[in-house]
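Engineer: In order, the protein sequence lines correspond to chains A and B.
Using the numbering used here, the first residue of the first sequence is number 325, and each one after it goes up by one.
Using the numbering used here, the first residue of the second sequence is number 94, and each one after it goes up by one.
Certain hints may be false.
[Said to hold, decoys possible] Once the Cα atoms are required to be at most 30 Å apart in a straight line, the calculated DSSO-like pairs of lysine-lysine come out as: (1) A:560 / B:247; (2) A:482 / B:175; (3) B:275 / A:371; (4) B:247 / A:371; (5) A:539 / B:377; (6) A:425 / B:247; (7) B:273 / A:371.
[Claimed, not checked] Some chain B residues near chain A, calculated using beta-carbon distances under 8 Å: (8) 236; (9) 250; (10) 391.
In case anyone wonders, no lab produced these hints; they're calculated from the structure.
Keep in mind it's a predicted model, so treat the numbers as computed, not measured.
Every residue gets a Cβ at the ideal spot worked out from N, C-alpha and C, and that includes glycine.
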Amino acid sequence: MVCISHVPDTTSRINFIDNNQKFDTSGVQFIIGPYDDYALAKAVDLKEETGATVTVLNVGRAETEPTLRKALAIGADNAVRIDADPLDSIQVATLISNYAKGESFDMILMGRESIDYNGGVVHGLLGEMLNITSISPVMTLKLNGGSAEMTREIEGGKEQVEVAMPFIAGCQEPIAEWKIPNMRGIMTARSKPLDVIDGSAVDMHSDAGEYSLPKTKSGVKLIDPENIGELVNLLKNEAKVI
Amino acid sequence: MSIVVFVESSDKKVKKTSMEAVFYASKIDNNVIAVALGSAHDESQLGELGKWGATDVLLDSANKFDSGDLSLSASAISEVMKTKNAKILVLATSPFGSGLAACVAVQLNASLATNVAELPDTSSGFVVKRSIFTGKAFQNVNLTNENKVIAIKKNAVDVVENGSVINISSFSAEVDGEGKIKVKDVDMIQGDILLPEAERVVSAGRGLKGPENWGMVEELASVLKAATACSKPVSDMDWRPHHEHVGQTGIKVSPQLYIAIGISGAIQHLAGVNSSKTIVVINKDPEAPFFKEADYGIVGDAFEVVPKLIEALKANN
């Protein structure tokens, strides 16, 4: 199974409406989360290698279906949409966990984090809820019998680790090359199954409040390249960073 | 009441973000219990945490924690929280820290927030401000459960000494098993400044024309005691290693000083650097979008400007 997020394109301008209570989606193009796209590409590679079946899943309302169809066009076999408006990562993970408990997956892949709320916790939450090992961020993944060898990024380096299936991995580059759907993929995606599951109320753990934007910069101070000493002076005495 | 802080060390040194987590906790509660797990810690370094507000430091140095099994470490932290009647866990947002935060939140049925950028507002509930949309916005979130797990973003607080060195205590967490991850090899990056922790970063892009021209970038970094970084195209072309890639899908940095050389400033790059305190942009194209996000800018050829800047900094030292 691959869990994907439906997120604003990386070039989107971020604005809020309704007294800063709501994200303004007007004019925003939505995409598969870039990290999730790596996870999906890896799953499709593994499908080609082993004949595995790839289920792609998203938690969201009907507007996320084009994103799921794109994942089907890239190579997933079937899609599941858990119909809900989750308000925090714990709700997302709980809904996925409730669904996954009734299925049997050899591995669950997703991006290391979504690029909208950047929680970076759904893989960890899900692992604890399902009592299977979760590991992130994963840079390479190779199957070896009933287990997988992975490269995990750690601060200041990386590790080669081995984990038995089933497991959950939060993926990042260079685990696989992003795939662009071809015409045949797009045609077959239309007839692949997309099941909608009711994401009825799960417990709340937090109340989302007001959004805000960072302070804007006051404008760049340009320095003459012939007078570079001025930059050193400003960094030292005005910005006080050297 | 007390607060538990999970502490990470790298190369036997307590990470700066863990010190920030201790200081952050000391602003919420007077009893701050710092907990360290595994064999990567130096005991005297841990004792220094007293300076940032820790009132107790507990260390379980069992090497079963070294494999990075989140569930195992989380069980040890949850056990300490239950024994000490602590309702809040504070730690640094990091690849391991965020995963650990998630597992503890499940074990203790806690509210959870990562990338928290400021101290909580407790005037009405327990409201934290978290960074979202890769630094492009913030959201206030009220953590409503009795138990709370807060993973802070770098520079969420400006640390100042508010205590003295303390003695550390050993403990042995009662957790089952040895973990389910087998570590076969560890490959640490050479060089002593970790990019995510660096206070100064010198970064360069395609404007440098080729990997052979990175000498001056490294020299500038060495004069400034800075870490080196690069844009995505540069790491994609293998001019520089992947771990130097700063941006939306790479490392997010928040240093005091970020110098961008020959980087145009695509929005995906800005997402990785927009929490830097001071940004300097050097680019020969006066229309480069990065200038709009910069504090100081030099319009000029990097191959002329950077060597001059190195000389000027050396003269200043």
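Engineer: State for each hint whether it applies.
Structural biologist: Going through the hints against the structure:
1. A:560 / B:247: 23 Å, holds
2. A:482 / B:175: Judged against 30 Å, a Cα distance of about 33 Å means the pair is violated.
3. B:275 / A:371: Answer holds: residue 275 (chain B) to residue 371 (chain A) is near 25 Å, not above 30 Å.
4. B:247 / A:371: It is violated: about 39 Å lies between the C-alpha atoms, which goes past 30 Å.
5. A:539 / B:377: At roughly 27 Å apart (the allowed maximum being 30 Å), residue 377 (chain B) and residue 539 (chain A) satisfy the hint.
6. A:425 / B:247: 36 Å, violated
7. B:273 / A:371: Holds: residue 273 (chain B) and residue 371 (chain A) sit about 25 Å apart, inside 30 Å.
8. 236: Holds, because the Cβ-Cβ distance from residue 236 (chain B) to chain A comes to roughly 5 Å (cut-off 8 Å).
9. 250: Status violated, d = 17 Å.
10. 391: 5 Å, holds
In summary, the numbered hints that this structure violates are 2, 4, 6 and 9.
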